[in-house]
Each structure stands twice: as C-alpha cells, then as structure tokens.
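Colleague: What follows is the residue order along each chain.
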Amino acid sequence: MSKSIKIPREELLRMISILGEIESRRLDPFSVDVSSLLARLREIIERERDVETITLDAETLYRVSIVLGLQQRWIRERASSLFIDAGMIYSKILGSDARMLVAALLQAWRPIIRLEQISMDLLLRGYQHFLSRPTRGVAMAEELKLAVERPGVYTAIESQISEELRGLLAELASIDGWIDYWDFVRSRGEGEKAARAYLLSYLISRGEVEVRINTLSREIKIRAAKAPSEEPRTTSLAITVGR
Amino acid sequence: MGAEELSKLEKKMAQAVALILASGHRLPGVRGWELRRRLGKNFPKIINSLDSRLKQIGLRVKLVPDPDAGPDDLDRARFYIVLSDPLTLSDIQTLGYSLDELAILSATLAYLLAKNGSASEKEVVEMLETKYPRWRVEAALERLARRGYLARTEEGVVSVGWRTLVEVDRQELLKAFASLSSNGELRQAQEKTGPEEGGEQAS
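Read top to bottom, the protein sequences are chains A and B.
First residue of the first sequence: 1, per the numbering used here; consecutive thereafter.
First residue of the second sequence: 1, per the numbering used here; consecutive thereafter.
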C-alpha cells in the first residue's frame with residue numbers, strides 16, 4: 001500500500017520540478033506535452049485519493065496553468081518576431097563579420113537621450129530640500145555657549161572637574177600597589193566606566209598615575225605615582241572603552 | 001492659437017524636456033504621473049507637440065507602457081526621448097562602445113529575441129565564442145548587463161533588459177538579420193550607411 005502511494009507521489013514531485021524549471025529558467029514551454037501530462041494526472045487522482053496526492057495534484061495543476069500561460073505568451077511573441085527562428089539567426093551570426101552585425105543593430109537601435117550633468121532645475125530642487133532639512137546641533141551649541149559665557153559658570157565647572165580628579169587619585173592611592181586598569185575603571189559599575197576612564201586619562205597625562213603595559217598579555221596596570229612625573233610624555237595610549 | 005497660448009505651450013514643452021532629459025532618477029525617462037503633476041492633465045497634448053518639435057532635430061518622444069499595466073495607462077507609462085533616425089557606423093564612435101561590443105550586443109539581442117527574449121547564459125556564451133574569445137564575451141556581457149541591455153539571473157538565464165525594450169525595435173532587428181545574406185552582407189544597411197564607414201575599433 002505504502003509503495004503504491006509513494007510512486008505517484010514521486011511522479012507528481014518530478015512533474016512539479018520540471019514545470020517549475022520551465023518557469024524559472026524560462027525554457028521552451030512547449031518542451032512539455034501538456035495533454036499527456038493532464039491525462040496522467042487524471043489517472044493518478046482517480047486511483048489515489050489520499051490528502052497528500054490530492055495536494056500534490058493541485059500543485060501540479062497550478063504549475064500546468066502557468067506553463068499554459070507561458071505557451072500563450074510564447075506564441076504571441078513568436079508571431080511578433082516574424083517566426084524567425086534562433087537557428088537561422090545563429091547561421092546569420094556565423095556568416096557575418098562585426099561590421100555587418102553592428103549595421104543590423106543600427107537599423108533597429110534608437111538610443112535614449114539623457115542629460116547626465118546637473119541642471120538648474122535639479123540645483124533648485126536640491127537647494128529647496130537643503131532648506132527644508134531641520135537644523136542639527138546649533139541649538140545645543142548655543143545653549144552651551146551661553147552657559148559658559150555666564151560669569152562664574154566656567155570656574156564652577158573647572159573646580160568640579162578638579163574635585164573629581166582629586167577624588168579619583170585619592171581612591172587609586174588608597175590601593176596598595178598595582179591594580180588592573182579595567183578593574184579600577186569598572187569598580188563603580190558599568191554606568192561610570194566611561195567617566196572614570198576619561199578622568200583617569202587626565203591623571204595619566206599629568207603624570208599623577210603610572211601605567212605599566214604587558215604587551216604579551218595585553219594587561220594594563222596602574223597605580224598612583226608617589227610624586228607627579230616631570231618627564232615629558234613621549235608615548236600615547238589609546239584605549240577603547242566602548243559603550 | 002494666440003501668442004499668449006503659444007508662449008504658454010512653449011514654456012510647458014521646455015518643462016517637459018527638462019523633466020524627461022534630466023529626471024534625476026537612477027533610470028532615465030519619467031513616468032506619466034510625474035508629467036501630469038508638473039504639466040497638468042493636458043500633458044499628452046504637450047507631449048505630442050514636443051514630439052513634433054523634436055522630430056525636426058532627429059529626436060522623438062518614446063512612450064513605453066508599464067508591463068504590469070495596460071497600454072492605455074499613461075500615468076504608469078514611462079516617457080523617454082530617443083533618436084528618431086538610425087545611426088550610422090561612423091556615429092558609433094561617440095557612443096563609448098567598441099565595434100566588437102556592439103557586434104556582441106547585436107548578435108546576443110537577435111538570438112534572444114528569436115528565442116522569445118531569453119536563453120541560457122551558457123548557450124549565449126557558446127554562440128558568441130564562435131566569434132570572440134570567452135574573456136571578451138564575458139566582459140562585454142557584464143558591461144551590457146550593467147547598462148541595462150541584458151538581464152542575468154542567478155539561474156544562469158540571460159534575457160533582454162529594460163533598455164533593450166526601450167531602445168531596440170524587435171521586429172526591425174530581426175528583419176535586418178533576416179536580410180543579412182549568407183556572405184554577411186546587409187544590403188539595406190549598406191545603402192544607408194555607405195561603404196567603409198567607421199573603423200574596425202569605434203571607441
């Protein structure tokens with residue numbers, strides 16, 4: 001029983017595949033004999049009435065209808081191509097040189113004319129679009145400028161940053177010996193990581209924090225300097241903190 | 001027609017030319033609805049007048065209906081300005097193609113059109129290899145596909161591209177091929193282009 005179901009199933013799947021190939025690869029739709037295929041479909045559906053066979057049968061019928069549509073289009077296009085066959089074209093190509101092939105094309109070719117360069121109309125449209133764009137960032141810059149220009153604001157910001165730098169240095173100095181850079185930066189949680197890394201970069205640049213880098217293990221160790229280094233900074237260190 | 005109406009028509013025609021020639025889209029030409037929006041509901045009349053004017057200088061307006069819409073749907077149709085007369089072999093020097101590239105285009109289009117617009121790429125390459133080495137054929141097919149004359153699919157099928165549908169008259173090309181004699185002469189073409197026009201390498 002299972003064998004008799006399996007054979008029509010495979011046959012239907014093969015039919016679906018062939019019909020699908022004709023559609024997707026745009027093969028000659030007359031390469032399949034639709035009438036004998038429909039007769040075979042009828043035979044199968046009369047013999048097997050299980051759900052799988054009926055579903056596959058419906059799918060095959062759908063594919064057949066597509067191929068019939070392609071056949072109709074094929075005939076219409078063949079008529080418009082004066083029934084000149086590809087074999088004849090092939091023989092003409094073989095017997096012609098490049099100049100004659102081009103001369104044949106020129107009989108039928110009317111290239112599109114198009115301006116490639118910018119026109120006044122396009123420039124005006126571009127300018128209108130530019131004007132219609134919302135202004136970016138200026139408002140915020142204006143606010144900052146106004147804030148900094150207010151008396152005492154800049155001094156207050158500077159003293160706040162200096163306080164934070166002193167606090168960070170004191171925290172590092174309270175640690176005995178070297179500490180891993182990332183452990184220190186993350187010690188107050190991910191939220192403060194970027195701010196601590198930023199402030200630490202100032203302390204390192206000022207020579208108030210010493211840095212030791214193991215190039216093999218990529219470890220970065222830091223500690224508070226006993227006295228700020230007076231040596232000029234000859235190297236720079238780029239660290240990606242991330243978000 | 002009064003002077004005022006004539007001046008209005010002239011202005012509208014100038015607008016239509018600007019729209020069609022410098023549409024600013026990736027593809028050339030302009031849709032009917034865009035012309036309607038800029039020129040008003042009488043845009044077909046303006047386009048007709050423009051067509052008559054352009055014919056005087058060897059150009060014409062070509063309307064290509066949208067394949068998914070009916071031939072009467074002007075809104076979805078695309079309007080182009082094309083040459084109205086055939087080019088000659090000496091003209092192709094200015095087009096930026098070599099004679100060999102155009103020969104490959106000619107042979108490929110004729111072959112595809114005789115096969116209802118598409119064929120397997122392998123078959124087309126084998127056909128062209130009778131005239132040119134494979135590297136040259138593949139380079140030319142690639143360039144022609146980029147220009148829109150051919151379309152290639154992942155399944156290895158080559159078909160005529162959108163530009164061919166606009167620029168090439170299918171029946172005219174097939175007739176020209178049919179009139180090629182067995183020793184490769186195109187009588188009609190010779191009459192129009194004159195003998196020995198153009199060099200072997202055009203660009």
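Hints may contain errors.
Simulated DEER-style distance windows between Cβ atoms [said to hold, decoys possible]:
{"id": "1", "chain 1": "B", "residue 1": "Leu165", "chain 2": "A", "residue 2": "Phe83", "range": "16 to 22 angstroms"}
{"id": "2", "chain 1": "B", "residue 1": "Glu126", "chain 2": "A", "residue 2": "Phe83", "range": "20 to 26 angstroms"}
{"id": "3", "chain 1": "A", "residue 1": "Thr135", "chain 2": "B", "residue 2": "Glu154", "range": "42 to 48 angstroms"}
{"id": "4", "chain 1": "B", "residue 1": "Leu165", "chain 2": "A", "residue 2": "Val241", "range": "52 to 58 angstroms"}
On the chain B side, residues computed to face chain A include the following (Cβ under 8 angstroms) [said to hold, decoys possible]:
{"id": "5", "residue": "Asn42"}
{"id": "6", "residue": "Asn48"}
{"id": "7", "residue": "Pro71"}
{"id": "8", "residue": "Tyr80"}
{"id": "9", "residue": "Leu105"}
{"id": "10", "residue": "Gly117"}
{"id": "11", "residue": "Ser118"}
{"id": "12", "residue": "Arg170"}
{"id": "13", "residue": "Leu173"}
Rough simulated footprint, nothing fancy, chain A against chain B, three-plus residues with beta-carbon under 8 angstroms [as the list claims (entries may be wrong)]:
{"id": "14", "stretch": "29-41"}
{"id": "15", "stretch": "123-137"}
{"id": "16", "stretch": "140-146"}
Hints are computed from structural coordinates only; laboratory data are not their basis.
Just so you know, even glycine gets a beta-carbon here, dropped at the ideal spot from N, CA and C.
Colleague: Does each hint fit the structure? Answer for all of them.
Modeller: Do the hints match the structure? See the list:
1. B:Leu165 <-> A:Phe83: 16 to 22 angstroms: 21 angstroms Cβ-Cβ, so the 16 to 22 angstroms window holds.
2. B:Glu126 <-> A:Phe83: 20 to 26 angstroms: About 24 angstroms separates the Cβ atoms of Glu126 of chain B and Phe83 of chain A, which means 20 to 26 angstroms holds.
3. A:Thr135 <-> B:Glu154: 42 to 48 angstroms: 46 angstroms, holds
4. B:Leu165 <-> A:Val241: 52 to 58 angstroms: 56 angstroms, holds
5. Asn42: 21 angstroms, violated
6. Asn48: 18 angstroms, violated
7. Pro71: This interface hint is violated because 14 angstroms lies over the 8 angstroms limit.
8. Tyr80: 5 angstroms, holds
9. Leu105: 6 angstroms, holds
10. Gly117: At about 7 angstroms, which falls below the 8 angstroms cut-off, the nearest Cβ of chain A leaves the hint on Gly117 of chain B intact, so it holds.
11. Ser118: This interface hint holds because 4 angstroms falls under the 8 angstroms limit.
12. Arg170: Constraint on Arg170 of chain B satisfied, holds at 6 angstroms.
13. Leu173: 4 angstroms, holds
14. 29-41: n = 1 at 8 angstroms, threshold three: violated.
15. 123-137: Coverage by chain A holds for the stretch 123-137 of chain B (3 residues, Cβ < 8 angstroms).
16. 140-146: violated (count 0)
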